[in-house]
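Number of protein chains: 2
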Amino acid sequence: MLKVLLSIFLVLVVVISIMGRTQKATVKKEKRVPQTLSKGWGDQLIWAQTYEEALFWARSKNKPLMVIFHLDDCPHSQALKKAFAEDEKIQKIADENFILLNLVHETTDKHLSPDGIYVPRILFVDPSMTVRADITGRYSNRKYAYEPSDIKILLSNMEKARKLMKTEL
Amino acid sequence: MLKVLLSIFLVLVVVISIMGRTQKATVKKEKRVPQTLSKGWGDQLIWAQTYEEALFWARSKNKPLMVIFHLDDCPHSQALKKAFAEDEKIQKIADENFILLNLVHETTDKHLSPDGIYVPRILFVDPSMTVRADITGRYSNRKYAYEPSDIKILLSNMEKARKLMKTEL
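Sequence lines, in order, name chains A and B. For what it's worth, the numbering used here labels the leading residue of the first sequence as 12, then goes sequentially. For what it's worth, the numbering used here labels the leading residue of the second sequence as 12, then goes sequentially.
This is chain A alone, in the form it adopts within the complex (with noise of 0.2 Å):
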C-alpha cells in the first residue's frame, strides 16, 4: 500500500514539474519579436528609417529612391507586400539600384501625395530630389497604387526610375 501511494506521489510530482515547465514556456513566447525595419517587404534589404535619411542616401549614393507607404491593417498593402517580397526580381533590382523606405505614417513632405493620400502607395525620387511624378500604375484615380497582379509593371517602373534618372543626370 506503501508502495503504491508513493508512486502516486512521485507521478503526481512529475506532472506537476512537467507543467510548470510547459507555463515558463508559454511565458517566455509571450516575450515581443523585435520590429524590424523591413516590416516584411524584404528582410534582407537595406531599408532606410526615415525619409531624410532616405534622401540623404539617395544623394550620396546617387541612386533613386522607393518610397512605399502602407498599413499593417490593409489587406491591399498586405497583399502587395507578400507579392513584392516573394518576388526575385523585384527583390535583387531593389537591392542593387535603390534606396529603399517603407513608411506606415506620412511624412510632411506634400510633394510625396500628388494626387492624395492612400495606401498602398509607391513614389520614386530621384537623387536630385524631384518626386517623379510621372511614374505611374494604371489606375487614373490611384496613380501610384499597385495591386498584386500589377508586379511587372512596378518592375518597369522601376526600370524607368532608374533609366530616366540615368539620362537626365
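To be clear, the hints were calculated from the coordinates, so they are not data collected in a lab.
Think about it this way: if two alpha-carbon atoms lie no more than 30 Å apart in a straight line, the pair counts; the simulated DSS-like pairs of lysine-lysine are:
#	chain 1	residue 1	chain 2	residue 2
1	B	LYS50	A	LYS121
2	A	LYS74	B	LYS42
3	B	LYS171	A	LYS42
4	B	LYS72	A	LYS121
5	A	LYS72	B	LYS42
6	A	LYS42	B	LYS103
7	B	LYS121	A	LYS74
8	A	LYS42	B	LYS50
9	B	LYS42	A	LYS163
10	B	LYS100	B	LYS154
11	B	LYS163	B	LYS100
12	B	LYS42	A	LYS100
13	A	LYS93	B	LYS42
14	B	LYS42	A	LYS42
15	A	LYS74	A	LYS174
16	B	LYS103	B	LYS163
17	B	LYS121	A	LYS72
18	B	LYS121	B	LYS163
19	B	LYS50	B	LYS103
20	A	LYS42	B	LYS74
21	A	LYS93	A	LYS74
22	B	LYS72	A	LYS42
23	A	LYS154	A	LYS121
24	B	LYS163	A	LYS42
25	A	LYS100	B	LYS50
Given the structure is predicted, the values throughout are model-derived calculations rather than measurements.
Once you've looked at the hints, dock chain B against the given chain A.
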C-alpha cells in the same frame, strides 16, 4: 598497392566534398541580419519609425516622447546604448510611460537641436508637441548629452518628463 591508391582516392573525395559543404555554409551565413527599429536600444520596447509617427503617438496616447540621437560608429553612443539597454529600471519606465524614437539621422525640426547637433543626445517632447529644452543632463556645453555613468540622471529626467507633463496638462 591498388588498394592503397583506392583508399587515398576515397579520402580525397571525402575531404573535397566536406570542403564544398563548408564553403556553402559560409555563403549561407553571409545572409544579412534584418535591421531592427530598436537598433540595440531595447529589442523588447516598441519604437516609432519617424518623428512624425512618434509625435502622432505622443498626442494620441498622451505620453511624453523620448528622442535618442545616436550613430553606429560613435563609441560614446555605443557605450550609452549598452547602459540603456541593460538597465532594467530604464527599460521598464521607457516601456510603460514613453513613446520612443531613436534616430541615426537628424530631422528637419531645429527644436530638436537646441544647443547644436551632436550624438548621443536625448530630448524629451511632451504630448502638446513642446520640446522640453529644460530637461538637461550634467554637461553645460552639451546639455542633452549623457555618458553611461549618467544613467541615474537620465532616469530622474525621465521621471521629470513624466511628472512635468502630468501637472501641466
